[in-house]
Every structure is written in structure tokens, then in C-alpha cells.
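Here is what each chain is made of, one letter per residue.
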Amino acid sequence: MIEYLTENELALTLLKIVIIFGGVMGGVAYLSWLERKLIARVQMRPGPTRVGPFGLLQPIADGLKFLFKEDVIPTGANRFLYIAAPILSLVPALLSFSVIPFGPVLQVTDLSIGLLFILAITSLGVYGVVLGGWASNSKYPLMGAMRSTAQMISYELSLTLSIVGVLMVSNTLSLADLITSQQGTWLGFIPRWNIFLQPVAFLIYVISAIAETNRLPFDLAESEQELVAGWHTEYSSMKFAMFMLAEYANMVTVSALATIMFLGGWSGPVFGPPALQLVLPVVWFTLKITVFIFAYVLLRSTVPRFRYDQLMKFGWKVLLPLALANILVTSFIVAIS
Amino acid sequence: MIPVGWYLILGAILFLIGVLGFFLKRNIIALLLSVEIMLNAVNLTFVAFSTQHGQISGQIFVFFVLVVAAAEAAVGLALVIAMFRNRETLNVDRSNLLKW
Amino acid sequence: MIQILFFFFAALAVGAAINVLVQKHVLYSALSLILMLTSVSVLFILLRADFLAAIQVIVYAGAIMVLFVFVIMLLNLPRDEDGADRLRWLKFIGIPLGLFFVSLVIATLWNVEPAAATGATLVGSPQAIGQSLFTDFVLPFEATSLLILIALMGAVVFAKKDL
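Quick note, the sequences are listed as chains A, B and C, same order.
In the working numbering, each number is its position in the first sequence, counted from 1, plus 2.
In the working numbering, each number is its position in the second sequence, counted from 1, plus 2.
In the working numbering, each number is its position in the third sequence, counted from 1, plus 2.
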């Protein structure tokens with residue numbers, strides 16, 4: 003059985019797809035549990051505790067609730083676009099996982115332009131937001147969608163430019179090669195991670211990633227105090243669940259990209275019997291992603307949100323020149339060394 | 003392998019559709035979209051030839067065509083907004099004040 | 003396998019392009035154009051131009067078309083008016099003439115010989131494009147950056163409420 007699986011390319015790829023997709027969907031579902039627990043603890047209350055031990059079955063209960071809820075389509079809403087918008091949001095969010103290396107072999111496909119592929123796919127994720135907001139035929143979603151779209155395309159620029167800095171240092175667009183170029187250590191104990199070579203790019207990337215995924219402090223598009231729920235106000239049951247899944251999947255994608263580009267991906271000390279050696283890189287990768295997820299959730303529970311003009315000013319007048327300056331300095335240093 | 007001729011034929015068909023759209027549609031934004039279709043057909047032809055001859059300059063040209071298309075779309079849409087603000091319609095047949 | 007992919011995405015591109023013309027509401031035309039752009043991007047991949055395929059999706063389908071969709075939504079356009087035009091009959095002449103033209107082109111291109119099959123198979127990798135772009139084509143590259151600056155200024159000025 004194992005020989006058949008490892009020799010037949012198609013079967014091996016299908017197995018990897020099943021493992022990665024299953025893991026990602028489970029992780030994204032339990033990300034909602036993690037977020038609720040963490041925010042609750044920051045606010046000194048227990049969080050979900052009733053459904054299963056420590057509230058661990060809460061995402062399943064939420065999923066069942068979403069399935070059984072009434073599916074409302076508002077009158078005057080554009081039916082085709084209303085139903086298509088959650089799909090247009092979810093598919094790019096999940097498609098990015100096809101190139102992310104969870105381990106030395108656990109990667110569905112290693113494109114030579116993997117990083118560009120992820121950028122292309124995330125830039126297609128804007129359409130779910132803008133079409134969902136417009137198709138709902140209601141003023142709060144429309145305003146939320148417009149704000150969110152403008153924000154996402156503005157911060158996409160500084161995101162891409164901060165990645166260029168990493169590219170100049172590691173000379174490759176393929177994600178697996180990015181990780182192998184960060185193996186090894188300096189002076190025996192400092193890992194050869196890109197975060198030490200490109201700290202400014204790391205900061206710009208993290209801030210732009212938070213803005214791209216519409217999370218606090220950049221979540222003006224779905225702020226509960228102003229626009230009822232932003233672009234997904236009029237959505238209910240499974241379509242809303244798809245929007246939520248897409249948002250969490252986007253969070254995991256940008257966190258995974260941050261660890262691959264700046265924290266060395268799945269590289270980490272590998273020891274023990276061969277079965278453990280297969281699993282350990284995945285464990286290191288998940289731990290590093292969890293660091294970013296924790297940062298996301300803690301930011302959400304503590305920081306107030308930006309006003310819209312502050313947000314746009316910050317994106318265009320601060321982050322973009324900073325990213326360009328980073329590229330300038332990095333290319334100068336790379337050219338003279 | 004796919005012969006290069008098939009890509010060229012596809013480019014020609016797409017170009018034709020773009021030209022037909024440009025002549026038959028009255029909405030200005032639809033005209034801009036037809037221009038984008040034409041530019042894409044040209045891009046496809048460039049890349050097909052670049053692969054056939056094994057030179058990279060075809061793809062560099064596509065790069066520049068892309069940049070020009072982006073600049074043209076941005077300015078064109080700004081003009082569309084200005085036009086809409088002045089006469090409340092996007093029908094090109096209504097914008098004929100300069101006719102004799 | 004490549005043939006199946008080629009025919010599928012070619013048919014998708016042509017179908018989406020025809021849909022751009024056929025739709026009455028311009029938002030649906032823009033969405034069909036996005037579909038056409040991604041199909042052409044897949045055709046680029048089939049032609050081993052990976053970098054261009056990714057750039058096509060990032061720039062064209064991910065930025066230019068977002069601009070189009072934004073403007074269409076902001077202007078809040080109704081369906082196209084079916085005004086009685088003096089050029090109504092244009093499509094009955096134009097479409098047959100266009101089909102005749104394209105059949106001429108197809109007849110010419112059907113037997114294209116692959117000219118001077120060069121041994122090197124070209125892969126449009128970012129390294130190859132960057133190498134050529136920054137050595138042979140540096141002047142057009144800098145000129146396009148100037149062009150984008152001008153377009154930026156032009157767009158800002160034209161869309162202002164009071165010039």
C-alpha cells in the first residue's frame with residue numbers, strides 16, 4: 003500500500019491534498035475556538051465552556067447551527083452575485099494552501115513561482131468582498147465593501163514590496179527553496195532566518211498582512227460600531243460561514259507566508275526515530291504559525307481601530323515609502339557585497 | 003505539443019471579438035473592456051511567437067503592453083467619471099456636442 | 003493532456019469574451035472579462051511563460067479589473083438603454099464581415115510551419131525576464147515608470163470634482 007502510494011505520483015499528490023486540506027479546514031475551524039477563548043481570557047471571562055470539555059466542540063456546534071439556519075436572500079439583491087460572492091472569497095483563500103510547504107515533503111506542489119502564485123491568488127480575493135457588498139443591495143454592506151476594497155488594494159502594494167526585499171536576499175521565488183536557503187546557523191546558535199536580514203520588511207509585511215485580512219486595527223470595513231457587520235451584513239447560514247472560513251483561512255495563509263519568508267518555515271531541530279522525524283517539521287511549522295495567530299488575536303482584543311483616513315494615509319504615505327526605502331537599501335547592500 | 007498556429011488563431015478570434023465589441027457597444031466602459039480584450043489577444047500572440055522563436059523579448063513586450071494597458075485603464079476610467087459627472091449618461095452616442 | 007487543457011481554456015476565453023459583448027449590464031461584462039483574463043493566464047502557463055501568467059493575474063485581473071468594478075459600482079449604472087440607433091443594423095453587417103475576416107486569418111494560419119525550430123526551449127522564468135529587462139530593455143523600462151507617473155497624475159486630476 004505504501005509502495006503504491008509513494009510510487010504513483012497521482013495517488014501521492016491526492017494523499018497530500020487530503021492531508022493538507024483536512025488539516026487546514028480543521029485548523030481554521032478551531033481557529034475560531036482559539037480566538038474566542040483567547041479574547042475571553044483577555045477580557046477576564048471564561049469563553050466557550052459548555053459544549054464539550056473546554057468548549058472544544060464549539061466549532062462543531064457552530065457549524066451545525068450554520069447548516070440549519072434559514073438561508074435568506076434579501077429582496078432586490080442580485081441573486082447570481084449574492085451567491086457567487088462567498089465562493090469567490092473562499093476559493094482563493096483555500097487555493098493558496100496548494101503551494102505552502104508544511105514539511106520537506108508535505109507540499110502539494112512546488113511551483114517555481116510559488117510566491118507570485120500566492121500573491122496572485124490573494125489579489126483575487128478582493129472580488130468576494132466587493133461583489134458581496136454590492137450584491138446585498140443595502141447601504142451598510144456597500145460602504146463596508148468599498149472601504150474594504152480600497153484598503154485591500156492599497157496594502158497589497160506594501161505587502162508585495164516588502165516581499166521584494168526578501169526575494170533580493172534569497173534569490174528565489176519558490177517556497178521550498180526559500181526554506182532551504184534559511185537552514186543552518188550563524189555562530190552556531192543564531193538560525194539563518196530572514197528576519198535578521200530584513201527586519202524592516204518583516205514589520206511592513208506583518209502590518210500589511212493584518213490590513214489585507216481586514217483584522218483589527220484595520221477592520222474598519224466590518225466594524226461593529228459603525229457598519230453593522232460590513233460587507234457580510236446581509237449574509238446568513240452557510241454563506242456567512244464561508245465568509246468566516248475565508249477570513250480565517252486568509253489569516254492562516256499570511257501567517258504561513260510570514261513564517262516561510264522570515265522565520266525559516268519548517269526548519270528546526272530534528273531528532274528522534276524516523277517516524278518522529280517526519281512529523282517534527284510539521285510541528286515546528288505549526289508552532290511558528292501559532293505565534294502569529296496569537297499575535298493576531300491579541301491585537302484584536304487590545305487595540306482600537308484606525309479611522310478610514312488614518313488608515314489610507316498610513317498605507318500610502320508611511321508604509322509604501324518605507325517599503326521602497328527598504329528595497330533601495332537592500333539592493334545597495336546586495337550589490338556591493 | 004500544440005502548434006503555434008493554434009495560439010495565433012485563438013489570438014485572432016479574441017482580437018475579432020474585441021473589435022466587434024468596440025464597434026457595437028455604446029457604453030463607454032464596455033468600450034474600454036473591448037480594448038482590454040484586444041490587448042490581451044495581442045499579448046497572447048506575442049507570447050506564442052516568443053515561445054516559437056525561443057527569444058524572451060516577446061515576453062518583455064507583453065510586460066510593456068501590460069503596463070500601458072494599466073495606465074490607459076486608469077486614465078480612461080478617470081475620464082469616464084468626469085464625463086458621467088457632467089452629463090449623467092455613459093452612452094457614447096449622446097456625447098456628440100462637437101458634431102456639426 | 004495539454005491539448006485538453008488548451009481546448010478547455012481557449013473555449014473558456016472565447017466564451018467569456020463573447021459574454022462581455024452579449025451582457026446588457028456592464029458589471030457582468032467586467033466579470034466575464036476577469037474570467038477571460040484568468041483563462042488567458044492559464045494559456046500563458048501552457049506556453050511556459052510562468053512569470054507573465056502570474057503578472058497577468060496580479061496586475062490585470064487583480065488590480066485593473068478591481069478598478070473597473072469599483073467605478074461601475076460607484077457610478078451605479080442601470081442596464082444599457084436600448085435606444086433606437088441609426089446604427090442598429092451595424093451588427094448585422096459587422097458580425098458576418100468579422101467572421102469572414104477571421105476565417106481568412108484562420109485559413110492563412112492553419113498551415114504555419116514552425117519556423118527554424120531552435121533547440122533552446124524557452125522558459126519565461128523570472129530570472130530570464132529580469133536578465134533581459136534590466137540589460138537590453140532598461141530604457142523602455144524607465145520610460146514606462148515615467149508613463150505610470152503621468153497616468154497617476156492624470157487620473158487624479160481628471161477625477162477631481164473641481165479642477
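Certain hints may be false.
[Unchecked claim] EDC-like cross-link-like pairs, simulated, lysine to aspartate or glutamate; straight-line CA separation at most 20 Å:
#1 Lys27(B) x Asp95(B)
#2 Lys26(C) x Glu74(B)
#3 Lys163(C) x Asp95(B)
#4 Lys162(C) x Glu90(B)
Don't read these hints as lab results, they were simulated from the structure.
The structure presented is a predicted model; accordingly, all values stated were derived computationally and were not measured.
Verification of the hints:
no., hint, verdict
1, Lys27(B) x Asp95(B), "holds (10 Å)"
2, Lys26(C) x Glu74(B), "violated (24 Å)"
3, Lys163(C) x Asp95(B), "violated (24 Å)"
4, Lys162(C) x Glu90(B), "holds (16 Å)"
Figure legend: structure checked against the earlier numbered hints; hints not met, in rising order: 2 and 3.
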